[in-house]
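Trainee: Line by line, the protein sequences are chains A and B.
Position 27 of the first sequence, counted from 1, bears residue number 27 in UniProt numbering, the numbering being contiguous throughout.
Position 226 of the second sequence, counted from 1, bears residue number 226 in UniProt numbering, the numbering being contiguous throughout.
What the hints contain is simulated information worked out from the structure, not anything from laboratory work.
Check the hints yourself; a few may be wrong.
If you want a taste of the chain B side facing chain A, the calculated C-beta under 10 Å gives, among others [as the list claims (entries may be wrong)]: (1) GLU88; (2) LEU178; (3) LEU248; (4) GLY268.
C-beta: ideal position from N, C-alpha, C; glycine also.
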Amino acid sequence: MVQLCAADMSVLDGPQLTADLEEAGMQGPRPLMRIADLPVPVDTLPMWSQHLYPSGIRQCLGTALFAADGRYLGAINTNSADPRPATEAACMLMARALPWIAHAIDPLRTVVAVARLVGDAGAGVVLTRGGAIVALPDHALLVPGSRVLAAAGARLADGHTLTTFLCPDPGSDSDADPCVGLLRVSAITCPPAPPGHLCAVVLLSPPPHLCGLTRRDLQILGLMVAGWPMTRVGAALGATAHAVTGHIDHILTLLGAPSRQVAAIRALRRGLYIPAEPAAPPRGDSG
Amino acid sequence: MSSRVARGDRVVAEVAQIAAMPAGITARAEAVLAPLHRLIRFDAARIALLDSQRRRQPALSSHGYDEKIQQYLQGPETIRELELLGLERDRTPLRMKDLTICPSALTVWREQLHPAGFREGIAVPLVTADGRYLGLFGANTVSATPLSDAARDLLQRLAPLIAHAVDPMRSITTLAALVGDAVAGVVLTHTGDTVAVPGLPGHRLLTPGAPVPTEAATCYADGDTRAAFLTPSRQTHAAPGYLKATMLACPDQSPHDLTAIVLLSPPGDLHRLSHREMTVLGMLITGFAPAQVIARLGITAATMRTALEHARIKLGAPSCEAAVMRAADRGLYLPPTIATPR
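Given the sequences, and given the hints that come with them, work out the whole structure.
Mentor: As structure tokens, this is what we get:
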């Protein structure tokens with residue numbers, strides 16, 4: 001058994017290996033490769049000549065791993081001090097196992113399982129640590145820098161693993177029926193798993209039962225959830241204190257809440273609110 | 001013979017692939033019937049999950065049975081007869097020809113399946129790799145020729161894979177994994193009982209009827225899809241500590257017997273809130289009026305205001321309303337059903 005030293009091990013995680021794999025033509029759908037199968041002389045690969053060979057390794061068997069939908073996942077590689085190459089039969093057996101190995105290590109599996117928790121989702125994105133986005137079926141609301149993603153990101157950054165709220169659907173401008181033109185946003189933190197760059201999924205789905213709350217009620221709840229004092233709620237909505245009180249009485253009745261505080265908590269836990277926009281509070285439509 | 005073995009391997013591979021699909025359990029149950037049909041050429045088949053507490057066995061996927069038979073098959077009479085046959089106990093597939101009793105002694109056969117023209121059938125108990133009985137795959141043929149022993153043995157091998165494909169607990173464990181540092185957890189059922197979460201230990205604070213699951217069930221019944229609150233860990237020999245309880249509503253899926261999961265995890269940053277401050281916050285969050293808080297805790301109005309003001313400063317909130325909101329959002333409070341006076 002050959003023991004790789006720590007330095008050699010860390011090199012295997014680094015960019016050199018990726019470069020060598022590309023050089024060796026191993027980042028496309030290829031059959032399994034032994035030393036003799038490589039399209040380039042093995043000594044020209046720095047990984048081999050500087051690290052693997054000096055530590056006593058004489059043979060390898062490896063290939064790229066692809067998910068069933070064609071996504072490149074990574075590589076599998078076995079090394080041995082025994083210079084005899086793997087037999088054709090062993091290669092064939094390993095080749096048959098490759099889809100299962102790929103499935104076993106596919107990091108998107110966790111993400112997809114998490115996304116499935118929102119059974120009726122129509123669109124979604126995966127947020128990555130770098131801020132980039134891996135699209136599931138995508139949506140205009142979920143482009144980088146959008147307010148929906150900013151609101152979802154703020155809630156998740158606050159330490160929440162699961163958050164839901166409502167947002168107006170720009171594709172629809174009907175105010176008549178509050179159910180029309182609203183979407184539910186669900187943001188879920190992915191459990192940590194290698195390679196560790198996928199941090200959350202944000203999904204859009206049809207709104208839940210709104211308990212009879214109007215669009216304006218949901219906006220007021222958004223401000224209450226954010227802890228705005230009632231005086232500022234009125235100002236933000238361009239409505240009189242009297243009008244706001246009327247809305248709040250309506251909200252308390254619909255949510256069966258004994259106090260404003262309980263109403264706001266229920267709204268938060270059920271995702272029945274449109275988040276306040278910190279920069280530009282929603283303008284009133286005459287109250 | 002070798003072609004039969006190869007066909008068996010192909011069916012196993014196909015069912016394994018379906019079991020790995022990200023779709024929901026209903027879609028997977030539907031998909032799994034196709035390779036099974038190639039294997040046994042049934043005229044009618046169903047995959048049903050048992051809701052043991054409500055004595056129902058609704059079908060995830062059903063083909064070839066008329067409405068009347070479907071109703072009967074998911075009802076308590078069928079469940080009772082399956083129990084008499086020992087299907088849940090023996091966990092081996094049973095053909096009509098394997099029955100040790102006369103088929104006409106079974107009401108489901110005499111009054112439902114036989115009159116509908118079926119002459120043979122097999123029932124395959126679905127048990128997961130970790131030993132949970134989920135329900136069954138049942139198939140019937142108009143032909144009286146029983147399924148071969150080889151096919152029955154293959155179905156026995158396939159049963160754990162089919163069980164995995166239709167296991168409702170898979171989405172529950174995904175949900176539970178969202179609370180990454182959970183130390184214990186249970187699933188609440190419609191009848192107020194609890195079921196273990198695979199891969200997570202239970203906890204004495206989570207026994208059925210204990211304050212924590214009761215409070216979580218109340219939050220669920222109020223319509224909340226998630227809630228978090230604190231509970232004293234009540235370790236007499238150690239310093240008084242707290243655990244965070246998180247309630248997450250289960251995805252709505254057949255057999256609809258599981259309502260929500262309750263997880264216990266370390267409390268995280270408590271912002272140095274005192275027991276009294278967390279108690280006052282908990283009463284306000286669960287809807288007590290300030291006057292009720294004063295009466296219940298036997299404190300003065302000034303003491304309550306001070307507690308609330310201290311909590312506001314510790315939570316860094318701009319107002320008392322915002323502080324209560326923040327405590328509710330982060331689960332930094334002791335519900336009145338759980339708080340012990342200190």
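Trainee: Going back to the hint list, which numbers does this structure go against?
Mentor: 1
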